[in-house]
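So the protein lines, in turn, are chains E and A.
FYI, this note's numbering numbers position 212 of the first sequence as 889, with every residue one higher than the one before it.
FYI, this note's numbering numbers position 29 of the second sequence as 410, with every residue one higher than the one before it.
If you are wondering where the hints come from, they were derived from the structure by calculation, not from laboratory data.
Computed from a predicted model, the values in this text were never measured in an experiment.
Cβ coordinates follow ideal geometry from the N, Cα and C atoms, glycine included.
Be aware that a few hints might be false.
[Claimed, not checked] Non-contacting residues of chain E with respect to chain A, defined by C-beta distances greater than 12 angstroms in every case (computed):
1. 790
2. 959
3. 972
4. 994
[What the hints assert, rightly or not] Label pairs and their calculated CB-CB ranges:
5. 466/A / 740/E: 13 to 23 angstroms
6. 728/E / 483/A: 51 to 61 angstroms
7. 451/A / 881/E: 51 to 61 angstroms
8. 458/A / 740/E: 29 to 39 angstroms
9. 407/A / 802/E: 15 to 25 angstroms
10. 782/E / 496/A: 18 to 28 angstroms
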Amino acid sequence: MKLDYRKALEKAARQTIMIHRANTLIKMILRTIVRAVGLSHAGMFIYDKKRDEYVLQVSRGSRGFKIPAGFAKIRKDNPLIRCFTDKSIYFPGEIITADGVSGACESFGIGENAPMKKFLEEVKDALFSYQAHACIPGFFRNDLVGVLFLGEKANKKKFHDAELSFLSTLASDIVMALKNAWLIEDLNRQIDANKRLLLQTIASLASSIEAKDKYTIGHTERVAKYALHIAHVLRKSKPIKNWERFVENLNIAALLHDIGKIGIPEHILHKNVRLNKKEKKLVKTHPLVGAAILEHIEAFQEVLLGVKYHHEKYDGNGYPFRLKGRQIPLIASIIALADTFDAMVTDRPYHKGISREQARAEIVRNRGKQFAPCAVDAFLKAYPFRT
Amino acid sequence: MNDARKKALVVDDEQEIVDFLEHFLRRFNFDVIKINKGQEALAAYREHKPDYVFLDIQMPDKDGIAVLEELRAADASLKVIMITGKDDKKCQQKAKKCGALDYITKPLDLHELRQKVEMYIGNP
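Given these sequences and hints, build the entire structure.
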């Protein structure tokens, strides 16, 4: 049966594009190879950076030939690998076949090019150890990323050129897919590291406000905790768009909601008698000051909404804009509730904290007045915020 | 040459591994007995009297080191080769102390494995 290489290649190319998990792709390609060429087995050894050697990643074939991933390896200094990497060997980078190596060995006369002959004998020996009848390198630029090991053809015949070039193309496809997969993994790792850095930066920023106002130690973290609890419950009854982004932003906004207080003198923040009109006006600027501080950060547009509107009230009696009902962004409604709850139950210069139960009752009383009904309902289900 | 044949007992809970080792060892004139359970090793040894045992360490039913102790108690000259994913100095020392002939960690370099097998059987 003649193999239609072009079709098989096209199929492999399609698979390379469609499958992002490199291992799945290698498995499929090896299965194609074993079936299409009719091999006893095929395996792919992939370079392992940590071990600095090549480890068997996938193997396909009949019983006794198939080896579990990670069971076998081949060292970098193995003659088989050196054929592909050692520039001093005159055929680096080419495909190795058992027949080719035997032929080359025999072509040398007695005593002729003894070191090369010895090396080829070693290659032959290594091929025998790995039960390989052909080895095909997969390069990315100048790096040997993987090696395809092929067993014997079922009809015991030699590999012919068309087959070898077909297999060689598949090996490069695999390497390309691997490189892509590794790149994406690296990228994701970097993104995670950046996110962690961002959150830590925000936490330090948030604690800078707390350092200024000793009454609010731990406040921002508690508000963030309550807000996240409320959001998780709320989501069950009301779909929230871009949920993952939303919780990230909610967390950040809750941590930073009072950042604008940085511009308010400490003696006002610590005052234990009623504030005068002027002072009140100044305190009420903190949502806008906070928004002004954060507006330079392009990625914080939603965070900004939470900071700017966290003192708005559902009935329109809040500040600074007296927004009403659904004019208030959800992120701000949630923070407003979490913020008020924590403020009620902790001691402040101007009042002593009330009990959590009293605070809960107060929130119920203000459903649809100070607070958005949906936020209150979610709060009641999340209360008392056990993790 | 029939009298040159050696007998090996292969113990590993993973079927693909025992199958592969069977295949590999047969190329060096071994008769191979395969089992998947550490608990069955001693009985298999008594029944088949192998010259060599290739023994996994981390098996769900019984620890390979315990199996090694058991086998060596039954036959102090038995040649046991540990093949394991446990790349751990302490475990290696323990195996050596219990009389293991060799301790090979996964992933295995098949070229080295072959050289070792040839060395064990004194057949360069």
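Report task. Please flag the earlier hints that this structure goes against, numbers listed from lowest up. Result -> Going through the list in order, the structure violates hint 6 alone and respects the others.
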